[in-house]
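Starting from the known structure of chain Y, arrange chain V on it as the hints suggest.
Residues per chain, in single letters:
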Amino acid sequence: MASYITKSPWIIHYDGSSCNGCDIEVLACLTPMYDVERFGIINTGNPKHADIFLVTGSVNEQNIPVVKQIYDQMPNPKVVVAIGICATSGGIFRECYNIVGGVDQVVPVDVFVPGCAARPEAIIDGVVKGLGVLAEKQAALAKGVRDAEVPGAYKYEEAAEETAEAAAEEIAEEAPEAAAEKAAEERKEEEAV
Amino acid sequence: MAKRTIIPFGPQHPVLPEPIHLDLVIEDERVVEAIPSIGYIHRGLEKLVEKNEWPEMVYVIERVCGICSFGHGWGYCKTIEGNMGIEVPPRAEYLRTIWHELGRIHSHLLWLGLLADAFGFESLFMHTWRLRETILDIFEETTGGRVIFSVCKVGGLRKDVADEKLAEIAETLNGLKKEFRELAGVFLEDVSVKSRLAGVGVLSYDEAAALGTVGPVARGSGLNNDVRLDGHGAYAELGFEPCLETDGDCYARCKVRVREVFQSIDLIGRAIAKMPEGEIAAAVKGNPAGEFVGRMEQPRGEAYYYSKGAGAKFLERIRVRTPTNANIPALVKTLQGCDLADVPILVLTIDPCISCTER
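The listed protein sequences derive, respectively, from chains Y and V. If you're matching positions, the first sequence starts at 1 in my numbering and goes up one per residue. If you're matching positions, the second sequence starts at 1001 in my numbering and goes up one per residue.
If you're looking for bench data, these hints aren't it; they were derived computationally from the structure. Incorrect hints may have been included.
Stated by the list, open to error - Ranges between beta-carbon positions, derived for each pair:
(1) E1189/V with K143/Y: 54 to 60 Å
(2) E1171/V with E37/Y: 51 to 57 Å
(3) E1053/V with T44/Y: 42 to 48 Å
(4) G1286/V with V100/Y: 43 to 49 Å
What the hints assert, rightly or not - A few chain V positions that, by computed beta-carbon distances, are all more than 10 Å from chain Y:
(5) V1015
(6) E1018
(7) K1047
(8) S1069
(9) E1179
(10) R1196
As the structure is a prediction and not an experimental result, all values here were calculated from the model. Think of the CB as a built atom: it goes at the ideal place given N, C-alpha and C, for glycine as much as any other residue.
If we strip away everything but chain V, and leave its shape as in the complex, we get:
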């Protein structure tokens, strides 16, 4: 039997901008076991609920993660709105859906770029990140921020977007779609990309279900648990169909995300075409009392938001359960038996957001 060695991976590692630590137990070049340890980014922001009044807490929850920040803000507002029984005006729901899908496009493009960087395709990384700037420009023009927006509030939105601007966004996204089609061709057809991804880190449907995976990791294994199917926001009226793949390998997870970029562009197009007129915020009176759980489909998968209020300015408890947290068991599973050289790619294909995981 070969000698066992432990190789530490992270917390500071070139492939990930974020710190996660893995102890990789290897025999020769094969990983036998991976032991994750987290806690490098833990801030304890759920506890800030005792120091911030609930209308202000949305700004803290938005900073759970700087990549899917709009989604987190929306998730928090959703649980408070559910708690207080607030009816959000349809225009606000449509605009929220548009911003959330824009967030998904930017998150997936960011991930595709990092993946290209991880398998050594530097120019592909640069080109995906160039396209991502188009989305950030739209964000900056409509909300004022590039990564943190603070545009969502309990009851609706703080800013409206003019109809002319929306038409402009639709046009920009059509241009983006054309440009991304070229890049998608490289991700889906290039021989060298395929050779690094196909057949690596296979996660079967049963394993994906048993390990409780969420988001593109689950959908890459054919597991359909997309929260957008429950029709919150404007999804019910936009005719949403999740993107599913069945192979369960890194290549399938990459395909799901590439398809979701196109899907999000289409969803935004339909939302802009159907955009209702009217108010963007409902009146909010009183304080939340009681408990409520809201669910959101973040770019990385399903996120839970729990709130408990006692009719006071300060909530009693906020709990956020984020998608990467749910996908780490699947990562540990797929790392067993893989080559040491594939570890960075496997770590990346769950699209780890450590900042979300640890909060």
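Just chain Y, same shape as in the assembly:
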């Protein structure tokens, strides 16, 4: 049971805001020089077929929903590998106005592969490290752990609801004080008039 997924995982690749350097190195891993396809590792375009999510480049406001959608659509167990220094921390573009930062700001990342551009050997090594994480997550799932409790398995819609609830509670807690302050200010203004 544990063998098929860790022997020939299918990957899905998304280009966050990379300069293409890491993207073509990801593709180079699949082609004859490095040829990971011989192990049955296939680059799929369908998130529901994928086990490993490779992200190159950092995230920005426009592509955050895309990254989250792909992540949410992938079945459990799943592993996220951040390829290149931009996906890790923002790299040379860290100070750009349109860069939010590394991919870990948006989805939980299991393996970081730094480098500018990350070399194919490093990318393959990163994916192999990811396989270990995948096996752990699968073992946890086999024991009957619920989806949501698998490390890294995290539903964004639920999370968003939770944060919204927490925020609402905070507001509710603060509300009496804030209301009192506001009332005091209004009273001062009235007195001034």
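For chain V alone, coordinates are given in the frame of chain Y:
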């Protein structure tokens, strides 16, 4: 009248490694209108000019695109050298030309592979990418990097290449030429390849000129606007003639790129034979002041580099205008009236580099 439907294409799509989004308005199976939207990769790197001193900025500009990175580095150096009136030593210009043409070969081979993948010819994709690794090996041996090189600097180069190494490169490229001839035969003569490309997405000469297309898209329609004709670098001394086709369809654009691979191999051969002796970098003193526009012929077409300095360590403005940006109107035009199944091929034949477009 058939009902209109909108089909979204991208940003995550199997045929393109890069995110671009198109809203395809279709009637039955025919595309009536295509509305592109970009901005998934915008980083705003031109603004980094305020945080990096101008000699360091070359490393940022190189990362406009990881495919034509050498060309971008050269383009930036060219505009600063023009700004400061620096005379670049001939050996540096020759080596720059060689690396730039190597970049063109690797970019075109990459594109030919992606095209083969788009029309479902998987083994052809694999073989083109196998040949591409030869070029990456040359890059790695001479510059130390596979896709990002950081070898160009204002005034010249950071690294020289020994003459023995150059002779070796010429030999490797001759071997590559033989191997690529086999593949070129498949691209240019195979019936199934022809049936997918010939007559698809025709762009006439007038349309190509009116829409301001550049690079192989323009040359596929017979429009000759190759910047290498102005003779920068070593092109004037190497006797450069652009490759032109007149049909204006996907097949013509493919033919232009296949011919350019052979042409680049020949150009590199001639550059190695004529390689001058001497320094590889000129002394650079002071800071750039004033404005300058440099032009480069990237693998995808003409790119502009504008710099404005005020005699300080930090430039006031850098502007890069990249070829894919100029070719998107032509893409929108050719998509109108095409079959939905041809969309991936049409998108690919402009050789979109979204990372360049949005920077």
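Each hint tested on the structure:
In this structure, E1189/V and K143/Y meet the distance hint of 54 to 60 Å, their C-beta atoms being roughly 59 Å apart. At about 31 Å, the beta-carbon gap between E1171/V and E37/Y misses the expected band of 51 to 57 Å. A C-beta distance of roughly 44 Å is found between E1053/V and T44/Y, which places it inside the suggested range of 42 to 48 Å. A C-beta distance of roughly 38 Å is found between G1286/V and V100/Y, which places it outside the suggested range of 43 to 49 Å.
The claim that V1015/V is not at the interface with chain Y is violated, since a C-beta of that chain comes within 10 Å of its own (minimum 8 Å). A beta-carbon of chain Y is positioned within 10 Å of the beta-carbon of E1018/V; the least distance is around 5 Å. Taking the minimum C-beta to C-beta distance to chain Y, about 6 Å, the non-interface status of K1047/V is violated against the 10 Å cut. With a minimum CB-CB distance of about 7 Å to chain Y, S1069/V fails to clear the 10 Å threshold, and the non-interface call is violated.
With a least CB separation of 12 Å from chain Y, E1179/V remains clear of the 10 Å interface cut-off, as annotated. Distance check on R1196/V: its Cβ is at least 19 Å (rounded) from any Cβ of chain Y, clearing the 10 Å threshold; non-interface status holds.
Hint compliance for this structure: hints 2, 4, 5, 6, 7, 8 are not met, and every other hint is.
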